[in-house]
Amino acid sequence: MTPLMSSPAAVAVHGLVHDYGASRVLRGVDFTVGQGEIFGLLGPNGGGKTTLFRILATLMRPVGGRALVFGHDVVREAREVRRSIGVVFQSPALDRRLTVRENLDVQGRLYGLGGGDLRRTTDEMLERLRLLDRAESRVDRLSGGLMRRAEIAKGLLHRPRLLLMDEPSSGLDPGARQDLWDLLRDLRERFGTTLLLTTHLMEEADRCDRLAILSEGTLVAVGTPRALKSEIGGDVIVIATGAPAEVRDGIESRFGGPVQVVDGTVRLERPRGHELIPRIVEAFADRIDAVTLGRPTLLDVFIHKTGHRFLGDQAA
Amino acid sequence: MRPPFGAVRALVWREVIRFLRDRNRVLGALLQPIMFWALFGSGLRASFHPPVPGGSIPYEEYFFPGVVVMILLFTAIFSTVSIIEDRREGFLQSVLVAPVPRSIVVLGKVLGGTCLALAQGLVLLVLAPLAGIGLTPAVLGESCLVLIPLAFALTALSFCIAWRMESTQGFHAVMTVFLMPLWLLSGAPFPSLGAPAWLRALILANPVTYGLAALRRVLYPATAPVVAGLPSLGLSLVVTLAFCLLTFGGALTLARRTTRSAGA
Numbered sequence: 081m082t083p084l085m086s087s088p089a090a091v092a093v094h095g096l097v098h099d100y101g102a103s104r105v106l107r108g109v110d111f112t113v114g115q116g117e118i119f120g121l122l123g124p125n126g127g128g129k130t131t132l133f134r135i136l137a138t139l140m141r142p143v144g145g146r147a148l149v150f151g152h153d154v155v156r157e158a159r160e161v162r163r164s165i166g167v168v169f170q171s172p173a174l175d176r177r178l179t180v181r182e183n184l185d186v187q188g189r190l191y192g193l194g195g196g197d198l199r200r201t202t203d204e205m206l207e208r209l210r211l212l213d214r215a216e217s218r219v220d221r222l223s224g225g226l227m228r229r230a231e232i233a234k235g236l237l238h239r240p241r242l243l244l245m246d247e248p249s250s251g252l253d254p255g256a257r258q259d260l261w262d263l264l265r266d267l268r269e270r271f272g273t274t275l276l277l278t279t280h281l282m283e284e285a286d287r288c289d290r291l292a293i294l295s296e297g298t299l300v301a302v303g304t305p306r307a308l309k310s311e312i313g314g315d316v317i318v319i320a321t322g323a324p325a326e327v328r329d330g331i332e333s334r335f336g337g338p339v340q341v342v343d344g345t346v347r348l349e350r351p352r353g354h355e356l357i358p359r360i361v362e363a364f365a366d367r368i369d370a371v372t373l374g375r376p377t378l379l380d381v382f383i384h385k386t387g388h389r390f391l392g393d394q395a396a
Numbered sequence: 308m309r310p311p312f313g314a315v316r317a318l319v320w321r322e323v324i325r326f327l328r329d330r331n332r333v334l335g336a337l338l339q340p341i342m343f344w345a346l347f348g349s350g351l352r353a354s355f356h357p358p359v360p361g362g363s364i365p366y367e368e369y370f371f372p373g374v375v376v377m378i379l380l381f382t383a384i385f386s387t388v389s390i391i392e393d394r395r396e397g398f399l400q401s402v403l404v405a406p407v408p409r410s411i412v413v414l415g416k417v418l419g420g421t422c423l424a425l426a427q428g429l430v431l432l433v434l435a436p437l438a439g440i441g442l443t444p445a446v447l448g449e450s451c452l453v454l455i456p457l458a459f460a461l462t463a464l465s466f467c468i469a470w471r472m473e474s475t476q477g478f479h480a481v482m483t484v485f486l487m488p489l490w491l492l493s494g495a496p497f498p499s500l501g502a503p504a505w506l507r508a509l510i511l512a513n514p515v516t517y518g519l520a521a522l523r524r525v526l527y528p529a530t531a532p533v534v535a536g537l538p539s540l541g542l543s544l545v546v547t548l549a550f551c552l553l554t555f556g557g558a559l560t561l562a563r564r565t566t567r568s569a570g571a
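Chains as they are written, first to last, in the working numbering: chain A, 81 to 396; chain B, 308 to 571.
One thing to keep in mind: the hints can contain errors.
Chain A is faced by these chain B residues, among others (derived, beta-carbon under 7 Å) [to be verified]:
1) 314
2) 317
3) 330
4) 332
5) 334
6) 396
7) 398
8) 400
9) 405
It should be emphasised that the hints constitute simulated quantities derived from the structure, not laboratory data. None of these values were measured; they are calculated from a predicted model. Note that beta-carbon positions come from the ideal geometry of N, C-alpha and C, so glycine has one too.
Using the sequences and the hints, build the whole thing.
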């Protein structure tokens, strides 16, 4: 017996580059996902997440760099990769005219299952996702939450070692979102399933073991949500004002930098922010409309790393 | 891993179930050609004087086999148009990430479409006596042997077009300027005999002509005036089978190629 060999990472991405014609969407992305991890790719829409997702799902060939899934190259060994991954797309990949069970049946047969084996696996998956009583319903008659569950059941049917999910909670209400996360954690506990998901929701990113923040095709940060937040020194102060540039310059010259203007507000990160606020208010009272003080959130991490707000003004 | 036979069967089955659950599609693909047949058949009856040696033939009878081919074409189109949306954001996404060869995916889709087209074609074909064409079980069986490869080729051709399309609108444009002329220039609405030479050349170059010729040859005895001047049954079958191979090969090449570039 060989002594414990280091098993390959669930996902290893090296220098991944992709472009659509002239526009570069991935500019050399590197990261690894350990087996059994819940790993989030956080970024705004258009930041390259979905491209990365499609490359990992073997649907697209990158222009440069490599992506390995359990040591297999997603381009050259697509068949091996496809056997070990389950994919849950953002837009439903269920056939809406078929029932839930019929969908799973087709899916199973694509993965070489059949007969009693398939029947058992299907029932088990339906039960786990609490879909047994809806098994004979046509998909187009299901609610958004149930449809999502059926989608996940489909992605998990062949017991993949890695589940790729593109924006898994899009279209789910908060209750269904909670259910989804309970399920994902349960999967990881019971089967050691590795999860890689893309999201643009901070609260979803907060639930991951580790996160990579993707902005304009570049990974700007990788780490646990806690570690990322602790990189920000202390508190976040946001000042609403009609004259952001003036207030920024004033604060910088009086109290030192850096101070940013983000989306028309003045923003600074400082330890013990509550002590600084009265002094700022005193100095600029006539120009300040409101001041808020908060613990850093992932949104702050994102602003800190990229210098712009999360949604909307990507180009600004 | 089991042989991918189960995967093909599942994909074909899915195609059939989907179709049966969509009543509009069933009716649309069937009613439009029948309407064409009824309207053109009655309307052109008096004006139709084919230069057929040995006598005339009522237009509704002449037109009938052409309408069967039209049904095959329409069903092929209807069953493949879903590819356009399915591939980027629908069912097909999950098929493309499954560990089955692309050939199986293409075969499943094309065979599924073929089954539907054949079934629809047969629904019309059994009405042949209404058009004055006699049917025996043997003739019906032989017709199937002609309709299967023709339906397969038309579905595979339609697959090729749909696969490359970004939008359903684009598909409709291609359908109008390319697929409909394939039917119009197949000898379906009018025989090539009376047509000018350039038109006759187009008709002879059109592979669908041979599928339709094979059907007419199966429906009529070899001595019937209506089949005079048509390509022989042997040639018709060979061309139709070649048409199958060519279109299926094309579909396969396209489906394989897309994996290597952006898009799907």
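Results of checking the hints against the structure:
1. Annotation: residue 314 of chain B was flagged as interfacial toward chain A, and the flag holds, the nearest CB pair being 5 Å apart, inside 7 Å.
2. A hinted interface residue such as residue 317 of chain B counts as satisfied when its beta carbon comes closer than 7 Å to some beta carbon of chain A; here the least separation is about 4 Å, so the hint holds.
3. At its closest, the beta carbon of residue 330 of chain B sits 11 Å from a beta carbon of chain A; the interface hint therefore is violated under the 7 Å criterion.
4. Contact between residue 332 of chain B and chain A, as hinted, is not supported at the beta carbon level, the nearest pair being about 10 Å apart and thus beyond 7 Å.
5. Taking 7 Å as the C-beta cut-off, the interface hint given for residue 334 of chain B is violated, the closest approach to chain A being about 16 Å.
6. Satisfaction of the interface hint for residue 396 of chain B is found here, the shortest Cβ-Cβ separation to chain A being roughly 4 Å, below the 7 Å cut-off.
7. Interface hint status for residue 398 of chain B: upheld, as the beta-carbon distance to the closest one in chain A is roughly 5 Å, under 7 Å.
8. A cut of 7 Å between beta carbons decides the hint on residue 400 of chain B: the least distance to chain A is about 5 Å, and the hint holds.
9. Interface hint status for residue 405 of chain B: upheld, as the beta-carbon distance to the closest one in chain A is roughly 4 Å, under 7 Å.
The structure is inconsistent with the numbered hints 3, 4, 5, although it conforms to all the rest.
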